[in-house]
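> Sequence:
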Amino acid sequence: MASERNLMFDVLKGLGIISVIFSHVYRGGTDPLAIFIREIAMWCVPMFFMVQGYFITSADNWAQSTWKKIKKTYVPYIYWAIAYGVFYWYTIGKKFTVMDIIYGKTALHLYYMFYYIVFAILCPLLYLLPKTLRRYFLYLMILSNVAVTFILEISKTYHLHIITFSGPNPLKWWGFIAIGMLLAEYPQIRDYIAKHAKAFFYAAIALAIIGLVEPFLNNTVGYLFNKVAIFPLAIGITLALAIYYSGENRPGTEFLSFVGNRTLG
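Offset between the sequence shown (1-based) and the working numbering: plus 22.
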């Protein structure tokens with residue numbers, strides 16, 4: 023699990039893309055299979071952020087790197103956001119604003135790009151902090167993310183209005199960025215996982231099952247990412263797949279890496 027590009031990360035992103043496609047295809051279904059697919063597919067967006075965080079390793083050449091990311095990813099995204107806005111305005115009369123374009127609200131799946139570019143621009147600046155302070159802040163990011171998600175979950179369950187702000191909320195995702203950044207900060211953790219891969223693989227499977235089953239037990243199915251169960255689900259599936267595809271001659275590696283290699287990062 024080195025921070026240079028390797029097939030395992032591209033495979034993860036390839037699997038994530040396929041999960042996104044399936045979750046959107048089955049979005050409106052009410053049969054048990056559609057519900058199950060939507061629930062398990064929730065792992066992919068947190069995984070994308072964890073992988074993104076893993077590759078944020080310094081603030082070197084920050085201005086140049088930021089401008090490169092904006093040109094490479096955000097400018098094309100703006101074109102697509104405008105295209106979606108025009109399409110829905112023309113077909114169903116749905117109006118859109120400049121802020122809708124920036125926030126990714128002209129189409130359901132575009133919200134990810136807003137957070138991606140925000141984290142890509144701001145998170146490298148954490149490396150300007152002293153190492154100890156930076157690590158404490160990363161832990162705070164994770165804890166605050168869990169807290170915000172829990173608040174959103176109980177708000178939906180009990181019809182409360184604790185968080186009234188309806189705009190973009192980076193705190194809902196930045197904990198996953200922090201997980202990736204912390205993993206890169208502690209190479210000894212990666213080495214330990216590699217040495218005990220089998221045990222961690224089964225533990226990751228168990229963690230993922232907990233995250234998958236919990237919403238069915240607590241009637242939070244359909245809460246999408248607004249439930250704490252997203253953490254064990256996403257971390258468990260991501261870790262299990264990362265361990266599995268770190269091995270040799272795994273089925274589908276070439277195809278999945280081909281798909282993942284043509285995405286962000």
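Quick caveat, the hints were computed from the structure, so don't treat them as lab data.
Hints are supplied without guarantee of correctness; some may be wrong.
To be verified - Computed beta-carbon distance windows for the label pairs:
1. 225 with 101: 25 to 33 Å
2. 151 with 112: 43 to 51 Å
3. 231 with 114: 26 to 34 Å
4. 109 with 214: 26 to 34 Å
5. 56 with 156: 40 to 48 Å
6. 119 with 238: 37 to 45 Å
7. 104 with 207: 16 to 24 Å
8. 184 with 239: 22 to 30 Å
9. 193 with 43: 21 to 29 Å
10. 216 with 173: 32 to 40 Å
11. 161 with 276: 34 to 42 Å
Claimed, not checked - The calculated lysine-lysine pairs, modelled on DSS-like cross-linking and capped at a C-alpha distance of 30 Å, are:
12. 127 with 117
13. 127 with 116
14. 91 with 178
The beta-carbon is built from N, C-alpha and C at its ideal position, and this holds for glycine as well.
> Checked against the structure, which of the hints given earlier come out wrong?
When the structure is compared with the hints, numbers 1, 3, 4, 7 and 14 turn out to be violated.
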